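Residue numbers (full-length UniProt numbering), protein chains in the order written: chain V, 1 to 201; chain G, 1 to 201; chain A, 1 to 201; chain E, 1 to 201.
FYI, nobody ran anything at the bench for these hints, they're computed from the structure. Be aware that one or more of the hints could be misleading.
Treat identical chains as interchangeable: a pair holds within one or across any two.
Once the Cα atoms are required to be at most 16 Å apart in a straight line, the calculated EDC-like pairs of lysine to aspartate or glutamate come out as [claimed, not checked]:
| hint | residue 1 | residue 2 |
| --- | --- | --- |
| 1 | K22 | E4 |
| 2 | K131 | E66 |
| 3 | K157 | E29 |
| 4 | K33 | E4 |
| 5 | K26 | E4 |
| 6 | K131 | D95 |
| 7 | K159 | E31 |
| 8 | K102 | D69 |
| 9 | K48 | D69 |
| 10 | K22 | D81 |
| 11 | K53 | E66 |
Since the structure is predicted, the reported quantities are computational estimates derived from the model, not experimental observations.
Protein chains: 4
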Amino acid sequence: MNWEAVLAPYAQAVEELKIKLKGIRKQYEYESKHSPIEFITGRVKPVKSILEKTELRNIPLDGVEELPDIAGVRVVCPFVDDIYAIVNMIRSRKDLTIAEEKDYITHKKASGYRSYHIIIEYPVETIHGVKMVLAEVQIRTLAMNFWATNEHSLNYKYKGQIPSAIQSRLQRAAEAAFRLDEEMSAIKNEVLEAKRIFHRK
Amino acid sequence: MNWEAVLAPYAQAVEELKIKLKGIRKQYEYESKHSPIEFITGRVKPVKSILEKTELRNIPLDGVEELPDIAGVRVVCPFVDDIYAIVNMIRSRKDLTIAEEKDYITHKKASGYRSYHIIIEYPVETIHGVKMVLAEVQIRTLAMNFWATNEHSLNYKYKGQIPSAIQSRLQRAAEAAFRLDEEMSAIKNEVLEAKRIFHRK
Amino acid sequence: MNWEAVLAPYAQAVEELKIKLKGIRKQYEYESKHSPIEFITGRVKPVKSILEKTELRNIPLDGVEELPDIAGVRVVCPFVDDIYAIVNMIRSRKDLTIAEEKDYITHKKASGYRSYHIIIEYPVETIHGVKMVLAEVQIRTLAMNFWATNEHSLNYKYKGQIPSAIQSRLQRAAEAAFRLDEEMSAIKNEVLEAKRIFHRK
Amino acid sequence: MNWEAVLAPYAQAVEELKIKLKGIRKQYEYESKHSPIEFITGRVKPVKSILEKTELRNIPLDGVEELPDIAGVRVVCPFVDDIYAIVNMIRSRKDLTIAEEKDYITHKKASGYRSYHIIIEYPVETIHGVKMVLAEVQIRTLAMNFWATNEHSLNYKYKGQIPSAIQSRLQRAAEAAFRLDEEMSAIKNEVLEAKRIFHRK
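Chain V extracted, bound-state conformation (with noise of 0.2 Å):
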């Protein structure tokens, strides 16, 4: 299998959505305004990866394109705020249709992941033609994504059968992870209120 050929029109995805998106945050500091995007990061999902899900969910392996997540984007935020300013900016372009939303901010998971997820339909101009595929954005704050970071390394290394010690520890250092964004919003909303005393005058 020619899995650059195959894999080509995620990667375009994935180079796209960053380069757009990247965009939006330029536009926002061009005209002076807060930007609810700190970074942006994209992959492709590695051929290794991608052939242990097609087998454990015995997919063929002409059917990958059914996975939501072999290109993936994320959009990393200062504040909890931004991931809903995110998300509605995201809904309300041309450019991709929505196929799904998960809001893991409000549910957050058992292991105390937290993100917003949602997968969306993008083409892709190929040689070939238009290509639509799929590809899942992330978007989450500085501090969930710190903690998913860390929480996703220790899966990897115990293959997703994390010991209960350390993971009660990882649920700890997500509630700490939570009450970090918690002050921060506060702040963010005295800041807010601050410019619009200072407006008034």
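Fit chains G, A and E to the known structure of chain V by using the hints.
Same frame as chain V, now just chains G, A and E:
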């Protein structure tokens, strides 16, 4: 005037078009096919040049959007035939609309300039909604690009009034570039024929 | 003053240091080792900030080179221990000299700020020969960076005079960030121990 | 063999050299001077080509470091004279050592190939300390590069055995490229003379 904010959609169009065309080149490579794209460059017209042009044409500053070449992308091809492959690829894309085509390949300019120009309308998602911007795509061979780059420098040096002695030298250079393209085109055909014979066996 | 030309060696130092540190991260990945680098950012101090600082410190404009942070690079680490791994790596490099170190990890600032700063002397090849420039490398964990980014915005908003009510909130946030790092550090040790046990078998 | 890890220092050398040479070009621009650099490209030799070469030359796999062109950087210049400006700039740099120079400009190859090659020793900081790697810098004009790119494709197609009919066509193309460079060089001189006259007034 906040030029960074005004030019942001044009800069965005250039970035997106570059990423999209680079993706096309990669796809040819991944499928082991001859790529009609050698390299891609892009630029936003400098503010100084925009001001010179609006003044020259008596365009008010808020009519800057009429200028078709604020966003500019250049596709450089190995062979002359490749130019038309690119033109067809652009015509078939669903993510842009063609506003105008100028074929300075078949009808070269008096100066010796050769290139294929396409003005496109390209939708950019901004923080204020979708904005349609004009962009100019220039398509040329390496030899045409080499010549045009040098002519551009001389034009800039002499403020558009290249002395006739140098002009005639430039013409001779243009002819040499043209001959180079002709020779290379002939070789391209032989290469393709050699491959056709090989595959018939 | 031609600021682009004056700042070119600093911009160059930032670009080179970023490429060099990104290379270090890749090497850890290629050898399947834990990378002490999560990500790297860099920036040249904006001209406006340079002018404010030279004015404040009564530095003449041609003494701009004395400022140690015109070129700035930030290394963000997953864990606290990783900070010292980076410090040692920088100390052992042959392509730069350390001018000064400030350990705001062991000795955090009153504001709650934590970070390790290294001022380096870095040689840049210019079109006028080698030029030695000063650059500041800031090394912090993700949690420290998250907190510092927000504090920086507030400082900017309040022009260095953050109201005490918000200041005490920031302090609480700094403590939460600190606790997060502590929890994560503990987990890191368990991960390493788990691996050590595994390898003893 | 973990090729990614083995080739990492070479990839690093290419990235650093590209950033360094791009910086040189920017400095000429910022100071409004003619830049002898039009563009820079770089690549690490593909593993397949490395294996073919080690086999051909009977080099054991751990002797891969002897190959002088695993890391390759190409500097493309507008004019022939610019090539020697680049050669002098490289000779004067303190961050590398020259191991060998080959002047295929003055002494073109039988095939018609023209280019200036410099083999350098370049120190790369790795996670195991400093490693000295060999890298090849190729310096050519746009016309030489155009020709060489096409000859390379044909050589690849015909596995080094280009039929003599095509070979003689390539030769004619090489002559046309040479003539183009000659014409352009003459124009360059006139431009410089025009400027000298202007400044004498």
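**Q.** Identical-chain pair category, K48 with D69, by Cα at 16 Å
**A.** within (14 Å within a copy, 32 Å between copies)
Q: Tell me, please, which holds for K26 and E4 at an alpha-carbon limit of 16 Å: within, between, both or neither?
A: between (31 Å within a copy, 9 Å between copies)
**Q.** Intra- versus inter-copy proximity for D69 and K102 (alpha-carbon distance at most 16 Å)
**A.** Within one copy only: 13 Å inside a chain, 42 Å across chains, cut-off 16 Å.
(Q) If the cut is 16 Å between Cα atoms, do K53 and E66 qualify within a copy, between copies, both or neither? (A) The answer is within: 11 Å in one copy meets 16 Å, while 42 Å across copies does not.
Q: Up to 16 Å between alpha-carbons, please classify K131 paired with D95: within, between, both or neither.
A: both (13 Å within a copy, 12 Å between copies)
Q.
At most 16 Å between alpha carbons: which applies to K33 and E4, within, between, both or neither?
A. Between copies only: 14 Å across chains, 40 Å inside a chain, cut-off 16 Å.
Q. What label fits K22 with E4 when the C-alpha limit is 16 Å: within, between, both, or neither?
A. Classified as between; 15 Å across copies, 25 Å inside a copy.
Q | 16 Å Cα threshold - placement of E31 relative to K159 | A | neither (46 Å within a copy, 20 Å between copies)
Q. Should K22 paired with D81 be assigned to within, between, both, or neither, using CA atoms and 16 Å as the limit?
A. neither (19 Å within a copy, 32 Å between copies)
Q: Have a look at K157 and E29 and pick one of within, between, both or neither, based on CA distance no larger than 16 Å.
A: For K157 and E29, only the inter-copy Cα distance (15 Å) is at most 16 Å; the intra-copy one is 39 Å.
Q) When no copy is specified for K131 and E66, does a C-alpha distance of 16 Å or less occur within a copy, between copies, both, or neither? A) So K131 and E66 pass the 16 Å test inside one copy only (13 Å; across, 32 Å).
Figure legend: structure checked against the earlier numbered hints; hints not met, in rising order: 7, 10.
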